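Line by line, the protein sequences are chains A and B.
The working numbering numbers the first residue of the first sequence as 65 and each following residue consecutively.
The working numbering numbers the first residue of the second sequence as 65 and each following residue consecutively.
One or more hints might be untrue.
If chains are identical, the list can't say which one is meant, so a pair holds when it fits in one copy or spans any two.
[Stated by the list, open to error] Cut-off 20 angstroms, straight-line C-alpha distance, at most; resulting in silico cross-link-like pairs (SDA-like, lysine to any residue):
| hint | residue 1 | residue 2 |
| --- | --- | --- |
| 1 | Lys253 | Ala549 |
| 2 | Lys261 | Lys359 |
| 3 | Lys253 | Ala626 |
| 4 | Lys298 | Thr228 |
| 5 | Lys310 | Ala609 |
| 6 | Lys196 | Gln492 |
| 7 | Lys479 | Glu356 |
| 8 | Lys550 | Gly529 |
| 9 | Lys196 | Glu355 |
| 10 | Lys253 | Ala263 |
| 11 | Lys382 | Tyr66 |
| 12 | Lys77 | Arg92 |
| 13 | Lys579 | Ser608 |
| 14 | Lys253 | Met226 |
| 15 | Lys336 | Gly103 |
| 16 | Lys196 | Leu570 |
| 17 | Lys579 | Val648 |
| 18 | Lys382 | Met226 |
| 19 | Lys550 | Leu575 |
| 20 | Lys579 | Glu628 |
| 21 | Lys253 | Cys264 |
Hints are computed from structural coordinates only; laboratory data are not their basis.
Quantities reported herein were computed from a predicted structural model and do not represent experimental measurements.
Protein chains: 2
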Amino acid sequence: MYIENITSPREVKQLSSEQLNLLAGEIRQALLAKLSTHGGHIGPNLGMVEATIALHYVFDSPKDKIVYDVSHQSYVHKILTGRNEAFLVPGKYDDVSGYTNPQESEHDFFTIGHTSTSVSLACGLAKGRDLKGGNENIIAVIGDGSLSGGEAYEGLSNAAEMGTNLIIVVNDNEMSIAENHGGLYQNLKTLRETDGKAACNFFRALGLEYVYVGAGNDIDSLIAAFASVKDTLKPIVVHIHTEKGKGYGPAETNKEHFHWGMPFDLATGSPKTGFDNEEDYCDLTGRFLLEEMRKDPRVVAITSGTPAVMGFTPELRKQAGRQFVDVGIAEEHAVALASGIAANGGRPVYGVYSTFIQRCYDQLSQDLCINNNPAVIPVFLGTIAGMNDVTHLGLFDIPLISNIPNMVYLAPTCKEEYFAMLGWGIRQTEHPVAIRVPGAMVVESGETFDTDYSELNRYKITQAGETVAILALGAFYTLGKALAAKLEAEQGIHATVINPRYITGLDEQMLEALKADHRLVVTLEDGVLDGGFGEKIARYYGSSAMRVLNYGARKEFVDRYAVEDLMKANRLTDVQMIEDIMNVLK
Amino acid sequence: MYIENITSPREVKQLSSEQLNLLAGEIRQALLAKLSTHGGHIGPNLGMVEATIALHYVFDSPKDKIVYDVSHQSYVHKILTGRNEAFLVPGKYDDVSGYTNPQESEHDFFTIGHTSTSVSLACGLAKGRDLKGGNENIIAVIGDGSLSGGEAYEGLSNAAEMGTNLIIVVNDNEMSIAENHGGLYQNLKTLRETDGKAACNFFRALGLEYVYVGAGNDIDSLIAAFASVKDTLKPIVVHIHTEKGKGYGPAETNKEHFHWGMPFDLATGSPKTGFDNEEDYCDLTGRFLLEEMRKDPRVVAITSGTPAVMGFTPELRKQAGRQFVDVGIAEEHAVALASGIAANGGRPVYGVYSTFIQRCYDQLSQDLCINNNPAVIPVFLGTIAGMNDVTHLGLFDIPLISNIPNMVYLAPTCKEEYFAMLGWGIRQTEHPVAIRVPGAMVVESGETFDTDYSELNRYKITQAGETVAILALGAFYTLGKALAAKLEAEQGIHATVINPRYITGLDEQMLEALKADHRLVVTLEDGVLDGGFGEKIARYYGSSAMRVLNYGARKEFVDRYAVEDLMKANRLTDVQMIEDIMNVLK
């Protein structure tokens, strides 16, 4: 076994061609062993085994600096840079994150998790090098799916101007998470079909030099190509054609499914847990929208590279036809597109994860909200209980979205209320409406909810009480109900419980009325406190005698946390909250 | 005179070729007469006279829909669509805004002010049309300077996939605001030089059809080209080569200066007011940075299409050499570039207007702050007293920036404090630092300030008092001082005055100490209240007896307001504030 002896790229350089190929096989085995029991990004890493070996064979990391876009395909890089145990020893699987991480290794230069950033970051490393008078190679590794994002294009266009050493490896596996979208992909196809010789070349049009490697899973070809561009004095693109999921039949056949996955049976590729079969907001949303589409030909669903966010499987996409659009990883375009569709009488619904809506603040503000167009945006996994990698937190969408004028940001508390609000959002023509899908797992209340939300900023009292009022927003409504029950049982306080429903405005009439028989208002929100909902309540009551306690997450970048720990650290357990409440009331 | 009789595009269609050319001359005269006394976007509109006439001659607005990118070049469109008086009658000059505006005319489809959005918005109009079964033409007009922004690329790449009617007019005048940046511009040059025939073609590489018009200021050529693509069934680019500033000598010669301007002498082109000669933050910053560059070769200034924001005139750019980078209109790239430079030992300073930093929230969060790289970002015109077009407000940067973990956002109160903070920002290596340049006009205090801000979140008491504490942030510090003086003079209250300095954190020790002898804390901030600084103070004191009054701007999209009116509407005059304060204290 070679893989066990690789403690740094030095050992890679000492292997023969034959040995490197054996190493590739061992790495693939290790990846499959780990990912089938642990879950993770499968296809992207299987496709990059040979290219990563060749990069480390040719270049001298960490002096030469490799930046992986998204960095979900950096597992092989980790194996070759002193972190092989995290892929060989089951007890150490969680010693490394799923992305590059400078705290893990001097071979990692950035913590990265969002797409399309590598070329710009690499331009920065190159500029820093030039200012200091260094001479190392700077390499960006970007997958073709990431080329659809605007930041990648800005980086490529500016790279050309730098006129200095910069190597951009374009890993073309003909796929994004799902199939690729955008006119660019026709050009990549043409380039593949002409062995890189087509005169019309996207990269050359941006002023970049260009090399094509058709055999992107052949170590010798890759080594030859990388060696030929090492120490280049001009920015150059090395376009390599790889196969996503390479070497594992099920992943080669079903590339979209094996982009990322939970544990699976290695022999068959079937999921190990029943997780995939449980009801989730994604599938429910897809089915709901398909019904809406059948009723109204103007309804159109939009996603940006992640059709699964709204349950649009290949089968559902086929059924929706022209009423479904995936724009590729291009969130800015998605929002502007939705605004334009709404301006011309369509009924667009753009589904997006909380962590990615950050990529289009300006489009939400300028393209959408200034124009007050009635697009609908369900925001998924905006919750402490969602993705917990530091680069994929769902904690920041409330401050991001709710402080934009004209936006109506709704916080349903359960599945039933979510679909009531989504239905209204599609029917109404007055406002841009975002809807914060409640929590990570489906909450069922069995209750019936209003179907009309056009009278804005009207909160609902669901339990009338006195002394303490609990404003429990969205997914934290359940927490608020439980807190009220415990307050009653333990302290004899019959609290008022309120479902605020609207994140973007205050129900001043209700807030004012609470002053009569309440001394304390408690707010609960499933996200960061800073710039959020609770602070607005605190501002409202600032000049009065009403006391306010705001609960939510502290402003910090947390990484791979346990939900329970984070709740406790933010005093979000009912024991802690009751302690605080009694302290204020005493 | 033809211009006076144009009440709609119908009249344009009835003119002969000769008459259209006479009309062009009249329009140019009207533009120069208005802009030389009123100010506005000069070069962009002079260059688009013929193309706009040809568009309205060929297409049937408003059934056919024209979307202007940035829309600062839509003056001719306004003249031809019933708004000619706003360009002919001095008393009516302010009847129209400087951008397209659906509230003004059915010929305008979006309120637009930021760049690179037109193709995506037009894609939306086209998709809306197709869902409804319409057949109108959708036209996006985008200048070459706007092609550098990622959203434009996302739009172009997705346009190709639509396979439906969409006409993209690329107005190539070889300029952004300053000269163009990015590899793409070499390709535009090649296309111009080959009369559009070069095989390597950026637009074709994105899957779009393509037509070239070399004579972009010749009405007949333009009419022929537009007529040939009218009712196209596929997305097509019409690349027209125009001259920025066409027909006015000084604007043809000095294109950067005449992009936008205050009133000028028509005969010479010289500015009418002394405004250009007054000291401003831009020039001061440029000179300061040039000094820093001389001391340290690692210091590099970055701008994104607006070198003037930090005073980098062509002369200063020459002096800075490789220590100055303008990336074109590509804010996302600028932030990632700065992060990369900082990661490799450089000292990047990215200067940007408040309204445009909105375009890179995700890059601030992911590329910069998660990685905690020490880039410095001066934010200009983040103030109520800055640009007052609805699309260019400087009111939202505090909620946008200050709720991102790891960011240190500083609020200097005057010129001297700003440069003390900027100097520290460049020297330190621990934090991403943003600095909110105080106000629109230079505030001079003549005072000396700390040179070290590494102990975070330490506010400064500048006047010790009791009962009322005024936390006056940044440019509103002056307002806070005046309020304190008036409180003392009129009410005999000797208030404490505090310069918070740090927007991104609370000085809990000081806030706690205030409880001893203060009953009310007043916060003042020069921006929107929602998600801002004051709300965090209100949250802090929520569970205590301390009363809090937050002052700032309401969350709303205001347009072409008078500063005085907006201050009054937000109770920001000292009379109103004292009334509120006495109400709370009574």
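Taking the hints in turn, this is what the structure says about them:
no. : hint             : result
1   : Lys253 to Ala549 : neither (61 angstroms within a copy, 71 angstroms between copies)
2   : Lys261 to Lys359 : neither (49 angstroms within a copy, 48 angstroms between copies)
3   : Lys253 to Ala626 : neither (44 angstroms within a copy, 55 angstroms between copies)
4   : Lys298 to Thr228 : within (5 angstroms within a copy, 39 angstroms between copies)
5   : Lys310 to Ala609 : neither (66 angstroms within a copy, 65 angstroms between copies)
6   : Lys196 to Gln492 : between (57 angstroms within a copy, 17 angstroms between copies)
7   : Lys479 to Glu356 : within (17 angstroms within a copy, 57 angstroms between copies)
8   : Lys550 to Gly529 : within (14 angstroms within a copy, 44 angstroms between copies)
9   : Lys196 to Glu355 : between (60 angstroms within a copy, 18 angstroms between copies)
10  : Lys253 to Ala263 : both (13 angstroms within a copy, 17 angstroms between copies)
11  : Lys382 to Tyr66  : neither (46 angstroms within a copy, 54 angstroms between copies)
12  : Lys77 to Arg92   : within (19 angstroms within a copy, 68 angstroms between copies)
13  : Lys579 to Ser608 : both (9 angstroms within a copy, 16 angstroms between copies)
14  : Lys253 to Met226 : between (28 angstroms within a copy, 18 angstroms between copies)
15  : Lys336 to Gly103 : within (10 angstroms within a copy, 68 angstroms between copies)
16  : Lys196 to Leu570 : neither (53 angstroms within a copy, 37 angstroms between copies)
17  : Lys579 to Val648 : both (16 angstroms within a copy, 15 angstroms between copies)
18  : Lys382 to Met226 : between (44 angstroms within a copy, 16 angstroms between copies)
19  : Lys550 to Leu575 : neither (23 angstroms within a copy, 32 angstroms between copies)
20  : Lys579 to Glu628 : neither (34 angstroms within a copy, 34 angstroms between copies)
21  : Lys253 to Cys264 : both (12 angstroms within a copy, 15 angstroms between copies)
The structure fails to meet hints 1, 2, 3, 5, 11, 16, 19 and 20 from the earlier list, while all remaining hints are met.
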